[in-house]
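S.K.: As a plain string of letters, each chain reads:
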Amino acid sequence: MSLDLPLIWAGLIAIAVLLYVMLDGFDLGIGILFPFAGSSAERDTMMASVAPVWDGNETWLVLGGGGLFAAFPFAYAALMPALYIPIILMLLALILRGVAFEFRLHGRARSKPLWTAAFTAGSLTATFAQGLVLGGFIQGVTLRGLSFAGGRFDWLTPYSLLVAVGLVAGYALTGACWLVWRTEDALQGRARRWAWIALACVAGLLAAVSLATLYVHAQVAERWGWNGRGFDLAKLARLSPIPLLGGAGLAAVAFGLRARSQGWPFAGAIAVFLSGYLGLAAGFVPDVVPYGMTFRQAANADNALALLLVGGGVLLPAIVGYSLWVYWIFRGKVSADAGYH
Amino acid sequence: MHFDALLLSRLQFAFTIAFHIIFPSFSIGLAGFLTVLEGLWLATRNEAFKVLYLFWIKIFAISFGMGVVTGVVLSYEIGTNWSVFAAAAAPAIGPSMAFEVLAAFFMEASFLGVMLFGWRRVGPGLHFAATALVAIGTLISAFWIIAANSWMQHPTGYVRLANGVLRVTDWGQAIFSPTFPLRLGHMVLAAFLTTALAVGAASAWRLLKDPEESESCLALKMAIGMFAIVAPLQLLVGDMAGKEVLRVQPAKLAAIEAFWDTQRGQAFHIAAWPDRAVAANRWEISIPKLGSLITAGSLDAQIEGLKGFAPQDRPPVAVVFWAFRVMVGLGLAMIGLGAWGALRAWRGDLGHDRLFLRACVAMGPAGFVSVIAGWTVAEVGRQPYVIYGVLRTADAVSPVTRGEVSVSLVAFMSIYALIFGFGALYILRLMAGGPLAGAQDEAPAMLRPPGYALAAAPHEPEEGA
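As they're listed, the protein sequences go chains A and B. For the first sequence, the numbering used here assigns the number 1 to the initial residue and increments by one for each residue that follows. For the second sequence, the numbering used here assigns the number 1 to the initial residue and increments by one for each residue that follows.
Hints in this document: simulated from the structure, not taken from any laboratory. For every residue, glycine included, the Cβ atom is placed at its ideal position computed from N, Cα and C.
Looking from chain B toward chain A, a few residues come up when the C-beta cut is under 10 Å (computed):
hint	residue
1	F64
2	E77
3	T80
4	A86
5	A89
6	F99
7	L126
8	I415
9	G423
Here are the simulated distance ranges between beta carbons:
hint	chain 1	residue 1	chain 2	residue 2	range
10	A	L3	B	N163	22 to 32 Å
11	A	S2	B	T44	52 to 62 Å
12	A	A281	B	H2	40 to 50 Å
13	A	S2	B	K243	37 to 47 Å
14	B	D300	A	S2	53 to 63 Å
15	B	H2	A	N303	38 to 48 Å
Full structure from sequences and hints, please.
M.R.: Below you can see the structure in the form of structure tokens.
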């Protein structure tokens, strides 16, 4: 029996990227919401709610880069130069917000506000840059053979800007829902208001991005059965679980917020992300560089993929296991004196 | 010098990776130090170990955080700036790079959360396990990245297929390149040495202020114990690694020693001004025949000089020559400091020898400088190749423009200067305050959210107040 190694690795990388978006999404969202907190103490609590887990969350991004390099080097080699500016922008922004976790604890009167601002600006910029990367990816990359052959600003279009704004709203939503789940009292009430506002923005932007995506490439329109005037209902019906999942997620957030539920808004926000992710993926699979390089063309040598699978097969279940354990250790409301030693 | 995308990409990669290596060098050693401290505290219940643990973990948290964020950069920069290299090297080093993430980064990141914030959430045994796992994670990380780098220095276990693509034929050879064990040992010892010198300097600084501070005296003794043993050991391992360089990268060895002619009984140049333009040293201060003895173990050994290689195959000489001398010079100073410290500690009364304490403070940054100098020797000495003998650096660069890379280089330099400045300030401020500064503040006026789980820093004023 021979395994379809490229297919397995395409699935694993796709899951890694999805986990990244879901996990780092809410802690980047906390940063986006930072300026709206009522007090410095509230900001401390917001940051404390993600401080033990943000590093693990961001490691999925490293796996996204390192894994793409290892499993699909030709895609990695084509995408990174194509998206040079937004990728570098994202990295720089992640540096600023990452060091802010520690630096904010050590800053005194003058430099603490600096790192509060760096956390906000870094989170917002990193999210926006990720949106530009995503938008630039979905609208397609110009290739000659397997190499990037486009211009340096190809990624900058109204579409990618729209996606970037949508991603900011999406991360803000998951961040707010995380706070509803993990905080209490005044901050939780504030987080509910943020979640309502973010929910309205996400609903509108999700619809706008969905429609705009139908126009970025003929293949996407064809997959969704859109001919410019109307939908081919047979094609649309096959993919309809995806938008239905998104609608259900939005509804779960809304009803969860109204019912003052602790966990449902966050679960709903995750469902919205899953829907958006699958909805975009439906347009470009099996490409890893839309619309010119499939995952098979991009794949590394089979013996490298096989070795990777042996290691990944042992290590990935362990990673999932201890990551869940760490979340379990830090479960429950972030109260004022919880982890204080 | 023409600043094209290639040169700018080289500068950017050199800058970002040299900046990055500072933090792992510190974190590898510090994680081990913290494991020892926590283990000793659990075993002996001597509160001094706990005080030291809670002090150094704060410095560790800052250093580790800076290491993480500057490390994420590298996993993308290989693609943004070196896409041709990425596509060519992935069949051989892709698995090593991915295993670094899978086996090390996740473990470090996850258990770091428990280590920093879980003091009250898990029992002491489990907390100690988290500390130990972070320490092991840092070593696993070093293992895989040195494996990948060793293959780039001396690629083995592969064939080149008809279409030019590389294919590994023997993973044992591709992952464990013959140069790998010594290079890994050299790097791990360097990290321990760097950390011991930093811990020694911080403790000596405290003792200069207060010669009776028993925690700092204990930490200084531990640091001396480490560098007095590791510094001579490092000389030995470094010498063995150097002999490997002579065997597999003779051009690099010739650059390290500024040997131009192939001859028996090469002189050792203590100082020189090697100039590639004239293919000679413009001036040199030398000891006859010692060069052959040091590099090959015999006064009459014939060592190949740089003129044995075509001009386009020679690495830059002056940078490699001088970086090597900085590394070795500081290494010898470390051995001297270790011997001096061992003597002082044996005689007792460590806290009152102000000259020795000042020397410890002065040597605090020596490890970091040596690590950067050593990597400069390794990486610049490999030029003009990125994969030695296989792919030239000039052929490895991405299809990016000069404009893009100039902007990103300036942006990296600005942001790194900012975070380095503040990171160094916060670390030095903690060091100056000493291990008891936080510990005395066990019951703060206000309770804190879990973000403040690490013992007790004094309460900071409200922002903007």
